[in-house]
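Asker: Here is how the chains run, residue by residue.
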Amino acid sequence: MKTTGVLGNFHTPDSIMHAASKTHEAGYKKFDCFVPYPIHGLDRAMGVKRTILPYISFTGAVTGLATAIGLQAWTGAVDYKLNIGGKQLFAFQFSIPIDFELTVLLCAISTVVGLLGLCKLPTWWHAFQHDAGFKKATDDEFVLGIYASDDRFHEESAIAFMKGLGAQDVRVVTEGNEHA
Amino acid sequence: MQTQTARFEREPLVLGNPSLGDITRKISGITESKPNMKFLMALGASASLMSWGLGCILYTMLNGIGVWGLNNPIGWGWDITNFVFWVGIGHAGTLISAILFLFRQKWRTGINRSAEAMTIFAVINATTMVLSHTGRQWLFAWLLPTPGNQMQMWTNFRSPLEWDVFAVNTYFAVSLMFWFIGMVPDLATVRDKVQGPLAKRLYGIFSLGWDGSMRRWHHYEMAYMILAGLSTPLVLSVHSVVSLDFAAGILPGWHTTIFPPYFVAGAIFSGFAMVVTLLVIMREILDLKEYITLKHLDNMNKIILATGMMVGYAYAMEFFIAQYSGNPYEGFVFVNRATGDYAWSYWIMVLCNVISPQVFWFAKNRRNIALMFVISIFVNIGMWFERFTIISTSLHHDFLPSSWGYYSPTWVEVSIFLGTFGTFLTLFLLFSKFIPVIAMAEVKSIMPYAQPHHGHHEEGGAHANGGGH
Amino acid sequence: MSKYESSHDNMSSSNEPLDPQQSSLRDEFGEGYDTMPTFENPISRRSFMALMSASMAVTAAACRRPNHKLVPSVKSPEYIIPGLPNHYASAFMLGNVAHGVLVKVREGRPVKVEGNDLHPMSGGKSTAYLQATLMNLYDPDRIRQAIIGRVPGKSKSGGYSTPANAINTIAKTISEAQASGKQTRILIDEHCSPALANLCREIETAAPHVKFVTMPSTFADGAALANKALYGMDGEFVADLSKATMILSVDKDFLGTDKNSLFYTRHFSASRKPTKDQPMMVKLVTAEATYSLTGMNSDQRVKLGVNEFEAFLATVHNVIAGHKGAATIGGYAATKDAEAMECANELLAAGDRGCVMVGSHLSPKANAIGMIINSMLGSVGAGKVFAMQAPYSNAKGAAIEQFRSDMRSGSIGVVFTCDVNVMYAGDADLRALFAAVDHRFSYSYYDDETAAVCSINMPSTHQFESWGDTESCDGTLSIQQPLIAPLNEGSLSLGDTLMGLYKALMPGALATAATYFDYVKALWMPVVTDDAGWEKALRDGAVSRVVAPAPSACTASNLSQCASAKPINGIAVYTTLGYTMYDGLYSNNGWMMECPDPITKHTWENVAMMSKATAVQLKVEADRVITLNNGDRSEIELPVLIQPGISDNVIVTSVGYGRDMGSVCKGYGSNAYRLHTSGTSIGYHGVTVSDTGKKNVVARTQGYFHAQHTKEWEPNAPEKKNRDIIRDMTIDDVKNGAIISKEEHIEGEVIQGDKFIKPLTLLSGYEYKGHRWGMVIDTSACTGCNACVVACHSENNIAIVGKEQVIRGREMHWMRLDVYYKGDAENPEATIEPMLCQHCENAPCENVCPVAATTHSPEGLNEMTYNRCVGTRYCLNNCPYKVRRFNFLDYRERLQGSRTPMEYVFNPDVTIRVRGVMEKCTFCVQRINQAKYEAKDKGFSRVPDGDLVTACQEACPASAITFGNMNDPKSAVSVLMQNQRSFRVLEELNVRPSVTYLAKVRNKKGGEAPKESHHG
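Chains as they are written, first to last, in our numbering: chain A, 1 to 180; chain B, 1 to 469; chain C, 1 to 1016.
Keep in mind that a hint or two might mislead.
Here are some of the chain A residues that sit facing chain B, going by a computed Cβ distance under 8 Å [as the list claims (entries may be wrong)]:
no., residue
1, T51
2, P54
3, T75
4, Y80
5, F94
6, P97
7, T123
8, H126
9, D140
Where chain B lies over chain C, by a calculated footprint (3+ residues, C-beta under 8 Å) [to be verified]:
no., stretch
10, 700-709
11, 717-727
FYI, nobody ran anything at the bench for these hints, they're computed from the structure. All C-beta atoms in this analysis are idealised placements derived from N, C-alpha and C, irrespective of residue type, glycine included.
Throw the hints in and build the complete structure from the sequences for me.
Answerer: This is the structure in structure tokens:
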């Protein structure tokens, strides 16, 4: 019966917003807000740092461009030389379409892979997901959760703190009781 | 009454101001409901059409391209016409999702999911056409620059067809990722709603365990933005590259610099027309009038009108340039288009693409469901004939009169074309049944009460709970 | 295997006849073995399996003779190096005209026919007929065995037999008939074989009740009768056009359907290539009712009505007679006088180098007037245009009419037809009489219309399977030597058959000659003196002899003995030899069936060609089926084809179609022989025309004949509307040194704008070191005879696709002859432009292939890699010349392609293309490579100019095609490319073709002022 964390539901974007900033001020690190749609400013209120995803995407784009030029130049002008229509073995003019396409392709792939990596997805199992109230987070409620792994975490104080924020149906989620 | 509001005040994007819960129930409700008879019959019909088309492709593979009507001057006919047609259709989807997203056009949220689905399915058709058109279909892998390819050869990167391979595949891959990433939160919503254990499991797998964590939303929004940013130039590039299949040739009527912009405009034109066609049907059948409002349709009709004018301009301009350039071959081909053996297809094209959209100058027409349905069908017909005209007229009378010819399709080609519609409808029906047809998370995020207005907690709360009743 | 032996036997002139056992051995090993060269393709592999199983059956059959041991050859047969061809000289008879041929034999099977340059008549050139005869040789539809006791009209009746048995039966019947006072007639086709003629004479003298009747399907006595009256010479002249400067051809298609066209074309075209320095050029004026190949190539055409020939000739005659103070001819209404007088004056100017050629299907009188004119001009006699007499060209009508009346009188008991197809080509009366003869026997190549009504059918041999000899008008003799053992067991050569018959009739006759081979050799000994001479004759394929004596003086007064033509009122149909079927000899020949008519470009059937006016008058349009009725029990149906240039009220159609046999030809076209009532089948016959209302789409390989920027042909379109894809100039332009090409003008711009254009181009300016192959085609010399088209078929294993596919536009010809008209819509000037892959330096097809299946070789060839091709057809779309051909279906499966022994016809050096790949002219790359190997063996770094000829160039009787290394400034190609007439088709596209064309020169006054020449 290991404790995973404490959950509390809110009913308006404003209240979760308020709660998020309070929790952040209270010094909690390992907490999260679960919301049915992205709420503007909530991430800032939670003190989330700006994502590094753009850099990953950029790397992908550069790789794609290099691959495209390298592929066309090497295959055409180095590996297998063929006189085709009297054209040059390699020229930037005719390489442009594929340069562009491969750049976009690898950029997109790296973006998606990066996203999944950063979000640690897929995560098909998590104790919270088996809490009935938690499921509302994908519907019409806003859930605040503080993880037990937070070093400032103390079950009673966390519950009290959340109640103080006006959270409803504050509860402790423990591993193993998901089937209860 | 509608038109009044349309003109003078900003119309709500979702009618009846439902609560978050209403939205969830409405949309994921569709996926939970049992398929009714009407649905099953439609599915059966389109599925059999699809299999008939695929059967004809198999027949072609077994007997050779000779079972089509193609001949010596005319090496491409309905096959490539259909390819370009479907690629064109495939444009509106990503355009709506990507460009409108970047321009913060909130009205896209009601329609982008189905538009993107349409893109995917259209590109699947396009790929089918291009794969089945070659003389030795089973060797399509040689089109890919893979090491250890036959005779240790590489592909010819000077060939527009090779550019096509990259463009279409990239477009398909990126659109698919874009579509799927956008879908994950909604799949999670459905996962948390459905009862059946199998459904629960499946939606659970595909929603990747999404839980609405704001820390994830933070990355997610950035990823979505980047994908949108990528897709926008991609959309424009794909049809430009497709147009190079012709523009890079030396045939009079093909070898034209106007082609890339002209093809892109045409693609958007036909794509939006197809979206209108589908949405009009969908909002009736799935009863989504609150979510796909007349405002959406109105906006799309405006775009149809605009792009229609662009296409019309292109027709006029290439005709003018052909004469003005003083290139007699070019000049002859265009006169021949309007007066020669294929004049009928040329004038169908002009009628459908240039004349018919003109009715959308009037707001009343833009909001007339029946009318817009008919026009959108016209536009789709017209755009098909545009590609057919470009391909056949340029090929059938080119440089040496000794090798002039004429081309008309056989039943096989016609069947394959109809089959592509079967494929398209089948996939779309399955989509509308099993996937949230409306991006719930996005719609929720644009509800008037969705975003926090600091200071009036209760009010916002009232909204979120009670919804609009 | 054993085919090597048999052909080797024949080579070393062994004299044992082919015994059935040996041929069964051939069956046992031969078929399967010979299929191996084409092993790489799946179809052949399949038919190979089929063959093997068939061979098994034969083996089983062979087991019936256990006393014979099969002894395999343990060392490779003499003379044969697998992979390398042997060339054997022989001669090919077309009617009574001999063509010296050089046959390329690979692993014991003939795979290509080429002209024998040691034979003065063919001079190393050939015709479509020569090229296509291989397809006849390997025709699966040939009669395979003698059939005896056949019930006329019932196929599958009767039983197989040996030739000997059949011959004895025939001899027995003949003797019985003689006993009952009935006579025997043996019908033979016209030929030019001294030995055969000699044998026939011997038999006739020995057995008076047996008479030979020479009865070709197509014959015309006009010339022979006229010459008999004027010169007392029973035969036709063969004009030596190398001595002519002005030709008036009156309805004589000497460049096209004439049997001597090879000889005529060679000399005619030789003098159609004027240069600034030697602007001499023969002038050709044609007066005709049809629109023939000769008319197409003439500098001036005079359209005559069917009844106007004599009148026109009389006018010409009278003008000349006026100058020469000779008697004039009266009694003719004036017709086309202006043209006639102009013509007459030009003939006078040409003096003894002027000649008038009259179609022998015209009346004896017309022919006589023509020859009288020639005599007045002095062009008849030794060393002049008219000195040579065609062998065995005597008038045949009389004998045939005699035969007709003999049959009617019932005095004929037996008729033995040897390669004569009475029931197909004979008129209604003749057919009825023949069918009523008591005993009818046939010796034929196919189970044809006549064989069907004969009780004994003997299979005949191909000329490449048998011994024989030929004689030419210039006296040249040739030996026909077998190049392969008879493919069908139990088929005997005509000579052997007649000898057998002779011996059976007259026991003890020809005791010294066991076979026809001995007979021929014995006859030849006086000529070749000894075995060495014999061997040399075999090797060279030609032995020159003293030319026949010059004709005696012309007695013009005998003109009155010559009959005039019967006037024809209303519509006349001109039945003529087509350009592809000959008299039906090539009916079952896929290559010829699909070889387009050089004028109308229609294939696969005969049509009713007529002028627009006639069509309007008959209220029919193109492809409408009409009925032609000759008023004598027979009528035929033909689709209409509207052809400009044909005189009104004339319908032109060709014989050789509408066969009742053959897997290829059955059901295509109608039998135009049905249209003649009696006498000559070739010529003009009055008919009544009715519209059936049916439609029959004619399969044409070219639908548009104008080179203008207009949908329809505008006869007098302004210059700017012309596409400039064909160029022509007058002889005056040539004299003025006019330059036809615009190329230097274009390049001038490129150079001028170099700094602007260069940075934008993607062209590498690839440097061609070593060889760089190029071709020059002289459209002025080309007569459009189709020899190159069929030669290309034969050399490159090109598939035939069938009528339906041709209608779809899917014919596979790598080489095509485009025809373009200009000027008067009712009497157009034609230009023939041979079109093949141009091997462009900046090939548009190469750039667009996604898999690089078509690329450029370091020697400037545009190469097609068949097994890399996936078949996107983009190259075809992007080819401005539309010379690429796509295998839409598996065409080898169709028609005869895959039926044994048809696969022997394939050239083992050329891949056979599968369905779904693109193909096109390769400049005969297989010949290029072989030439390079040979040059290397000889120690050259380059192929010596002239050592390498492409198939089309080799065949071309006009020598219009030149091929060679463009990098060698002294090569024939390079020199011709500098010619003032040189231009490139669509040069403005800057694709830089490797094929250069020379503009057509028309021998007439006028022409533009000389162009500014940048060449200086």
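Asker: Confirm or reject each hint.
Answerer: Here is how each hint holds up against the structure:
The beta carbon of T51/A is positioned within 8 Å of a beta carbon in chain B (closest approach about 5 Å), and the interface hint is therefore held. With 8 Å as the threshold, the beta carbon of P54/A comes within range of chain B, its nearest partner Cβ sitting at about 7 Å, so the hint holds. Checking T75/A against chain B by beta carbon gives a least distance of about 4 Å; that is within 8 Å, so the hint holds. Annotation: interface hint on Y80/A holds; nearest CB of chain B at approximately 6 Å, less than 8 Å.
Because the beta carbon of F94/A sits about 5 Å from the nearest beta carbon in chain B, less than 8 Å, this interface hint is met. At a threshold of 8 Å, the smallest CB-CB gap from P97/A to chain B is about 4 Å, leaving the interface hint in force. Taken as an interface hint, T123/A checks out: its beta carbon lies about 4 Å from the nearest beta carbon of chain B, inside 8 Å. Checking H126/A against chain B by beta carbon gives a least distance of about 7 Å; that is within 8 Å, so the hint holds.
The beta carbon of D140/A is positioned within 8 Å of a beta carbon in chain B (closest approach about 3 Å), and the interface hint is therefore held. Chain B is given as covering the stretch 700-709 of chain C, and this holds because 8 residues of the stretch bring a CB closer than 8 Å to a CB of that chain, at least three being needed. Check on the stretch 717-727 of chain C: 4 of its residues sit with their Cβ under 8 Å from a Cβ of chain B, so the three-residue criterion for coverage holds.
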